[in-house]
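> The numbering used here numbers the first residue of the sequence shown as 1 and each following residue consecutively.
Don't take each hint at face value.
Unchecked claim - Label pairs and their computed distance ranges (CB to CB):
1. 3 / 34: 55 to 61 angstroms
2. 10 / 45: 49 to 55 angstroms
3. 12 / 45: 45 to 51 angstroms
Hint data in this document are derived by calculation from the structure and do not stem from the laboratory. Cβ atoms here follow ideal geometry from the backbone N, Cα and C, with glycine treated the same way.
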Amino acid sequence: MKETTKAVCIRIGKGVGYFLLGLFTFYVIDCVYVDVKHAIVDAWEESK
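When you get a sec, could you build the whole thing from the sequences and use the hints?
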(Lines of atoms letter the chains of each structure in order from A and count residues from 1; the text may use other names and numbers.)
(Lines give C-alpha, C1' and ligand atoms only; values in the text may rest on other atoms or scores of the structure.)
Protein backbone atom coordinates (compact mmCIF):
# COMPACT_ATOMS: atom_id res chain seq x y z
CA MET A 1 0.00 0.00 0.00
CA LYS A 2 2.79 2.40 0.96
CA GLU A 3 4.59 1.79 -2.35
CA THR A 4 1.58 2.79 -4.46
CA THR A 5 1.05 5.94 -2.37
CA LYS A 6 4.71 6.84 -2.92
CA ALA A 7 4.37 6.21 -6.66
CA VAL A 8 1.28 8.42 -6.82
CA CYS A 9 3.06 11.17 -4.87
CA ILE A 10 6.04 10.98 -7.25
CA ARG A 11 3.71 11.15 -10.26
CA ILE A 12 1.86 14.17 -8.82
CA GLY A 13 5.19 15.79 -7.92
CA LYS A 14 6.46 15.32 -11.47
CA GLY A 15 3.23 16.72 -12.90
CA VAL A 16 3.44 19.81 -10.69
CA GLY A 17 7.13 20.18 -11.54
CA TYR A 18 6.49 20.03 -15.28
CA PHE A 19 3.57 22.44 -14.92
CA LEU A 20 5.69 24.99 -13.02
CA LEU A 21 8.54 24.56 -15.50
CA GLY A 22 6.16 25.17 -18.40
CA LEU A 23 4.66 28.20 -16.67
CA PHE A 24 8.12 29.62 -15.93
CA THR A 25 9.29 28.99 -19.51
CA PHE A 26 6.15 30.66 -20.90
CA TYR A 27 6.66 33.65 -18.59
CA VAL A 28 10.33 34.05 -19.60
CA ILE A 29 9.52 33.72 -23.33
CA ASP A 30 6.66 36.21 -22.93
CA CYS A 31 8.95 38.76 -21.20
CA VAL A 32 11.70 38.30 -23.79
CA TYR A 33 9.16 38.59 -26.63
CA VAL A 34 7.79 41.87 -25.22
CA ASP A 35 11.32 43.28 -24.75
CA VAL A 36 12.32 42.30 -28.29
CA LYS A 37 9.10 43.74 -29.71
CA HIS A 38 9.68 47.05 -27.92
CA ALA A 39 13.29 47.14 -29.14
CA ILE A 40 12.18 46.51 -32.74
CA VAL A 41 9.44 49.17 -32.51
CA ASP A 42 11.90 51.69 -31.03
CA ALA A 43 14.49 50.96 -33.72
CA TRP A 44 11.82 51.24 -36.43
CA GLU A 45 10.55 54.55 -35.02
CA GLU A 46 14.10 55.96 -34.93
CA SER A 47 14.84 54.87 -38.50
CA LYS A 48 11.82 56.74 -39.92
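> If a hint holds in the structure, say so; if it doesn't, say that too.
Results for each hint:
| no. | hint | verdict |
| --- | --- | --- |
| 1 | 3 / 34: 55 to 61 angstroms | violated (47 angstroms) |
| 2 | 10 / 45: 49 to 55 angstroms | holds (52 angstroms) |
| 3 | 12 / 45: 45 to 51 angstroms | holds (49 angstroms) |
Hint 1 alone, counting from the list given before, is not met by this structure.
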